[in-house]
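Novice: Chain by chain, the residues run as shown.
2 protein chains.
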Amino acid sequence: MKVNRLGLIGCGLMGGSFALALKQAGLVNRVVGYSPSDSTRTKALTLGVIDEMAASIPQAVQGADVVLLAVPVAATETSLVALAPALDDQALLMDVGSTKHDVVQAAQRSLGHKLPCFVPAHPIAGSERAGVEAAHAQLYQGQPLILTPTELTAAPQLAQAKSLWQALGCQVKSMTPQAHDATFAAVSHLPHLLAFAFIQGLSGQPQGADFMSLAGPGFRDFSRIAASDPVVWRDIFAANATDVLQQLGHFRRALDAFENTLQAIAKHPTQTPNSPNADLLQHLNTLEQQIAQASAVRSQWKAS
Amino acid sequence: MKVNRLGLIGCGLMGGSFALALKQAGLVNRVVGYSPSDSTRTKALTLGVIDEMAASIPQAVQGADVVLLAVPVAATETSLVALAPALDDQALLMDVGSTKHDVVQAAQRSLGHKLPCFVPAHPIAGSERAGVEAAHAQLYQGQPLILTPTELTAAPQLAQAKSLWQALGCQVKSMTPQAHDATFAAVSHLPHLLAFAFIQGLSGQPQGADFMSLAGPGFRDFSRIAASDPVVWRDIFAANATDVLQQLGHFRRALDAFENTLQAIAKHPTQTPNSPNADLLQHLNTLEQQIAQASAVRSQWKAS
Chain R
60 MKVNRLGLIG
70 CGLMGGSFAL
80 ALKQAGLVNR
90 VVGYSPSDST
100 RTKALTLGVI
110 DEMAASIPQA
120 VQGADVVLLA
130 VPVAATETSL
140 VALAPALDDQ
150 ALLMDVGSTK
160 HDVVQAAQRS
170 LGHKLPCFVP
180 AHPIAGSERA
190 GVEAAHAQLY
200 QGQPLILTPT
210 ELTAAPQLAQ
220 AKSLWQALGC
230 QVKSMTPQAH
240 DATFAAVSHL
250 PHLLAFAFIQ
260 GLSGQPQGAD
270 FMSLAGPGFR
280 DFSRIAASDP
290 VVWRDIFAAN
300 ATDVLQQLGH
310 FRRALDAFEN
320 TLQAIAKHPT
330 QTPNSPNADL
340 LQHLNTLEQQ
350 IAQASAVRSQ
360 WKAS
Chain F
60 MKVNRLGLIG
70 CGLMGGSFAL
80 ALKQAGLVNR
90 VVGYSPSDST
100 RTKALTLGVI
110 DEMAASIPQA
120 VQGADVVLLA
130 VPVAATETSL
140 VALAPALDDQ
150 ALLMDVGSTK
160 HDVVQAAQRS
170 LGHKLPCFVP
180 AHPIAGSERA
190 GVEAAHAQLY
200 QGQPLILTPT
210 ELTAAPQLAQ
220 AKSLWQALGC
230 QVKSMTPQAH
240 DATFAAVSHL
250 PHLLAFAFIQ
260 GLSGQPQGAD
270 FMSLAGPGFR
280 DFSRIAASDP
290 VVWRDIFAAN
300 ATDVLQQLGH
310 FRRALDAFEN
320 TLQAIAKHPT
330 QTPNSPNADL
340 LQHLNTLEQQ
350 IAQASAVRSQ
360 WKAS
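Line order of the protein sequences matches chains R and F.
Everything in the first sequence is counted per my numbering, starting at 60 for the first residue and increasing by one.
Everything in the second sequence is counted per my numbering, starting at 60 for the first residue and increasing by one.
Bound conformation, chain R alone (with noise of 0.2 Å):
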């Protein structure tokens, strides 16, 4: 399973842990990297994160039994197209994007009679950090991770992507692409949308900013994700609108329901729940059951 020569294109957050943690954990002799940015390949080999620049995607594939292409989802199709004709017929070609009916479809244009050495791969980890800097060995630790494998993926490459994800601490599960997309916009994509329109409707108002210098731990979390970055996460949403429109339909009635009830309460001259007359009181128990279903779920998620 030892991986010879790994070629990392993209040293980023998501390539960058890759090597480091194989690295960490005995599986390569010799990582060479290729990124677009000089200063990103300096910084990944003063890092210790790769051993050797590679000038060109091809130099970084050329004599290398594993390639992991990390690069952002736009970048994906002309990757492929630059990394091919340099593939060896039996390498294991990975990838790490958050979406993959898109990167299985880029795949079938570009990698030819390749295209069985490809295993899509995608670790549930990441941060709201990015770049080199971040990168660290304990990224993809005990963390999940889905391969997507199509009809044409040898049994070789999936088996070998599954045992270097599975030496690096992942919990490995395969499904197919479009049932990958439709979860992970239901669990990522969409909350994701969320915090962005969440923070730009409370940014926009005069008092924004003095609302927010008051915020506490709730907001914290609830809006890390806001922070992620803005070319990665219009790629996501790109390749995977249809799928994100129909989670935020689901959202939407949800959260209709919810404002049907609060516009009932306020309607009541005695908003508190003292003394409430019956109307009122049915509108509280509507509310406090809406809640309640959605607090027992949360609740009951695994602790991770």
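Hint data in this document are derived by calculation from the structure and do not stem from the laboratory.
These numbers were taken from a predicted model, which means no experiment stands behind them.
For every residue, glycine included, the Cβ atom is placed at its ideal position computed from N, Cα and C.
Don't take each hint at face value.
Cβ-to-Cβ under 8 Å is the rule here; a few derived chain F residues that face chain R [unchecked claim]:
id: 1; residue: A184
id: 2; residue: V246
id: 3; residue: A256
id: 4; residue: F270
id: 5; residue: G277
id: 6; residue: A286
id: 7; residue: V303
id: 8; residue: L304
id: 9; residue: L346
Take the given structure of chain R and dock chain F to it, following the hints.
Specialist: The following block gives chain F in isolation, referenced to the frame of chain R:
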């Protein structure tokens, strides 16, 4: 400034942590606690949160130089009515409620000539955990604390309230009850509403549980507050429904803008950002700018 006898009405997370913090700072001689629940009172005594159990609200208040009311919002007015006759004219009375306009109105109705004793307070601290078992002496350390004095609040009581919370490590600020409620509708109540609605929209889908089994750290932090107590939040939303609905309007306008952009992108036959046409490119730029605004604001928010 030292408190001779603290009358604690409500021995849960907020009240219990205040008592423990005063004790740790050596700022209180004796804590007499009341809770409507026998088991909470007994636990509070066993855990050393209180020194003596009171059998009623008046008994907890009798002879106290400081009284802290730390009960659910819905119990505020009946508690104020019960404590008013037993309250010393020179005592300091505070609450810890998350809404202030309704509490001030309840105090005006209930306290009569004892109203000058009352300094409405809101510590910006908490946890999705509740109960006396969750109380700890560091809960308020380094956190903001808002005082919303009324026109009738006496100067000595206001000064003592400031001193006490500052001694516990709080950054004390004063504002009107109306400004307070508008602020926390924006940075606390709305995020809770969105988190509850998000979990409801997600868990209402047949695949909701499967989706959530693969959720990562973004989901964990974004939805943490959805595990909050249903009765507490029913009462907060009911007490501050008008301000929350106004904030919801701001959020909806921002969300609508995102949704419009995503719908425009989804209509294009090629949704990936590779070789986009001019129209798609414009929507992608709009999306990036929308995200970038939010990301910049959130990135610059105080680290805490």
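Novice: State the violated hints by number, sorted upward, taking the hints as numbered earlier in the document.
Specialist: Failing hints: none at all.
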